[in-house]
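Line order of the protein sequences matches chains A and B. For what it's worth, numbering that gives the first Met the number 0 labels the leading residue of the first sequence as 0, then goes sequentially. For what it's worth, numbering that gives the first Met the number 0 labels the leading residue of the second sequence as 0, then goes sequentially.
In short, the hints are calculated from the structure, not lab data. Glycine included, C-beta positions come from ideal geometry on N, C-alpha and C. Errors might be hidden in some of the hints.
Unchecked claim - List time: in silico DSSO-like cross-link candidates among lysine-lysine, alpha-carbon distance up to 30 Å:
| hint | chain 1 | residue 1 | chain 2 | residue 2 |
| --- | --- | --- | --- | --- |
| 1 | B | Lys237 | B | Lys110 |
| 2 | A | Lys112 | A | Lys228 |
| 3 | B | Lys119 | A | Lys243 |
| 4 | A | Lys243 | B | Lys110 |
| 5 | A | Lys243 | B | Lys54 |
| 6 | B | Lys303 | A | Lys260 |
| 7 | A | Lys260 | B | Lys372 |
| 8 | B | Lys303 | A | Lys243 |
| 9 | A | Lys144 | A | Lys132 |
| 10 | B | Lys245 | A | Lys260 |
| 11 | B | Lys245 | A | Lys243 |
| 12 | B | Lys174 | A | Lys113 |
| 13 | A | Lys243 | B | Lys206 |
| 14 | A | Lys112 | B | Lys174 |
| 15 | A | Lys260 | A | Lys243 |
| 16 | B | Lys237 | A | Lys243 |
| 17 | B | Lys110 | A | Lys260 |
| 18 | A | Lys144 | B | Lys285 |
Unchecked claim - Just a few of them, taken from the derived set where beta-carbon distance is under 7 Å, the chain A residues facing chain B:
| hint | residue |
| --- | --- |
| 19 | Phe108 |
| 20 | Tyr159 |
| 21 | Gly180 |
| 22 | Gly236 |
| 23 | Lys243 |
| 24 | Met245 |
| 25 | Gly246 |
| 26 | His247 |
| 27 | Gly254 |
Stated by the list, open to error - Below, a sample of chain A positions facing chain B; criterion: calculated Cβ distance under 8 Å:
| hint | residue |
| --- | --- |
| 28 | Ala101 |
| 29 | His102 |
| 30 | Lys113 |
| 31 | Pro139 |
| 32 | Glu209 |
| 33 | Arg217 |
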Amino acid sequence: MSILVDTNTKLVVSGVTGREGTFHSLRNRDYGTQVVGGVTPGKGGQDVEGIPVFDTFHEAVAQTGANTAMIFVPPRFAADSILEAEDAGIDLIVAITEGIAAHDELRAFNVIKKNGRARLIGPNCPGILSPGKANVGIIPAAFFKEGNVGVVSRSGTLTYQIGNVIAQEGFGNSTIVGIGGDPVPGSDFIDIIALFQEDAETELIVMCGEIGGDAEERAAEFIAANVSKPVVAYIAGFTAPPGKTMGHAGAIVSGSRGTAKAKAEALERKGVRVGRTPTEVAELAASLLAAAA
Amino acid sequence: MDLLEYQGKQVFARHGVPVPSGRHAQTVDEAAAAADDIGYPCVIKAQVQIGGRGKAGGIQVANNHNEAREHAQAILGMDIRGLTVHELWVEGASQIASEYYASVVFDRSAKAPLVMLSTKGGMDIEEVAETDPGAIARLHVDPLLGFQEFHGRRLAFEAAVDADVVRPVGAMLAKLYEVFVSEEATLVEVNPLIVTPERQVKALDAKVTLDDNALFRHPDNAELRDPSREDPQERMAKERGLTYVKLDGNIGILGNGAGLVMSTLDVVAQAGGSPANFLDAGGGSKAEAITSAVEVILSNPNVKAVLFNIFGGITRGDEVARGLIEAFNQISPQVPFVVRLDGTNDLEGRQLLAEASLPNVFTESTMDGAAQKVVELAAP
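Build the full structure now, drawing on both the sequences and the hints.
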């Protein structure tokens, strides 16, 4: 098993005709993901190397039975595209786009929550990879193989860094989920950790957090109360000065809130092992898995 | 983007939030002329994007023309917590019967706007939240519903504002919420919100943070940005489309992806070093972007050594290597570089660097090893 994406995923890509959209749609298809269509208003009827393009999500869903959407359109159109996918009945919406206005994100999040039909991952995320099954997004799949480590992360490249060391230690991944670096992620650590807890294949969970907000602190509470599988964590941004946005819109220490230290301590208080470097996280994960085997 | 107080008050005025009338000044003469027009007593206020202006002496009451000149003279050029004062706001002095606090913030945990009201105005609200959390009335607003009159009443009664101003305070909150939504702010804060002896409710201060990602819909607000006030390296980076934050150490850092760069800063600090900057070259960086990034990093004279930490996903190691080689051709850096390339096309990248045999460039195979090496090289 795995979570969120697998061989049953039928993907439709919003922005499939754009340069980046085309590149990654084809890469996802090459990996084995069922890419059943794309959406670009005004380009319905065309195709991108065999991927049919539709004018609307509603048409794409009706014609292809798509259950998953990937959002690749520029930021000013992205929230609308997310809402269109939701309205069309898509189950899982993966928003890669970075730079969506905060109030647009807030509205999209609250509409999705109120309707209770779809799950949103991202925005500003690298997507989801279930090695050997499906890749939805921009995660470089070559570094990962099938296995039993579930990874959930606010950062893309940091995930690759940690995943690569875990792979070098001989372990693979059930699913890697990038929840993204924005202030209002569609899904939080808790949402994904709950799925890993239920997933038979996942034996250990790695979470990569960073400064800003309190998602890691809330995850610590959730893990203590609900998670029986071992969790290893990493937090980036110990050296980040307050009041500065460190690349990700959500990565900002506000006054004394959202520091890496507070997050690491909150997790450790609840028994979660926190690695001080990406290498140490991977080594901790590997040693816990080796001990369990 | 943080607005200056006077810019925030101008935005408030557009939405009908009552504010004292005032004028902007950049010289002593302008300030004195503004004060003469407004009448005395008036207040001369330093315009910098930082709190604690009053304590630093950046807010002074002038009772006549000479005092206005004296205060303007003293405040212009003043350093307030590291920021130099270049602008003043001159406004009529307000009579104060009560000082309240009001704000609308973007609550990330609740994923909804949070409206707060307190009768403990004029104080540091984080301190009030710590010492007397019950003194702050809080209410989340469903962004799909918006702020209703009952929200205002509830907050006003819960905060226990004076009974005769429950309505105007509620109306003020509704207008602040309107500012928050229609200007696409992530913070709207008024401290203090005052009640005058005539029982008028006014915003005596204005702190507004706008969402940079929404400025395309608000061209007027976008024009409020003043690049000359920004750090020169940060401005240079922004012009080149790079994400750069200046820090106070001496090791220049370049990486790809915000999380990996933050992590690189931490690993360098753990190895005993002190980073000079955060620079995310982004996903899929081409050689030109890398060359440009090297220029930005080296324009900071404190930099004694530079660390490249690349884990290529979409970014390709050979492109990074080409960018660095080009940077050496163009600007011949005088400081050592440590390069750690991993991921997509890492072998090709390392091969290119080996062939170019750049002076003072060291390659390392791990992130931890690279951090150690750069810290050694930066040591005096």
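Mind checking the alpha carbons of Lys260 of chain A and Lys243 of chain A for me, to see if they're no more than 30 Å apart? holds, 16 Å
Given His102 of chain A as an interface hint, is its Cβ closer than 8 Å to any Cβ of chain B? holds, 5 Å
Minimum beta-carbon distance criterion (7 Å), Gly236 of chain A to chain B: holds, 4 Å
Would the pair Lys245 of chain B and Lys260 of chain A pass a check requiring their Cα atoms to be no farther apart than 30 Å? holds, 21 Å
Holds or violated: is there a CB of chain B closer than 8 Å to the CB of Lys113 of chain A? It holds, given that the least Cβ distance between Lys113 of chain A and chain B is near 7 Å, below 8 Å.
Hint consistency between Lys119 of chain B and Lys243 of chain A [alpha-carbon to alpha-carbon, up to 30 Å]: holds, 28 Å
Satisfaction of hint between Lys260 of chain A and Lys110 of chain B, Cα-Cα up to 30 Å: With Cα atoms ~23 Å apart, Lys110 of chain B and Lys260 of chain A stay inside 30 Å; holds.
Given hint Lys110 of chain B paired with Lys237 of chain B - CA-CA distance at most 30 Å: holds, 29 Å
Straight-line Cα separation of Lys303 of chain B and Lys260 of chain A no greater than 30 Å? holds, 28 Å
Restraint outcome when Gly180 of chain A is required to lie within 7 Å of chain B by C-beta distance: Gly180 of chain A check passes; min Cβ-Cβ to chain B is 6 Å, inside 7 Å.
30 Å Cα cutoff - pair Lys112 of chain A, Lys174 of chain B: Distance ~27 Å between Lys112 of chain A and Lys174 of chain B Cα, so the pair holds.
Would you settle whether the hint for Met245 of chain A is holds or violated, based on the nearest Cβ-Cβ distance to chain B being less than 7 Å? This interface hint holds because 5 Å falls under the 7 Å limit.
Going down the numbered hints, you'll see the structure goes against none, and every one checks out.
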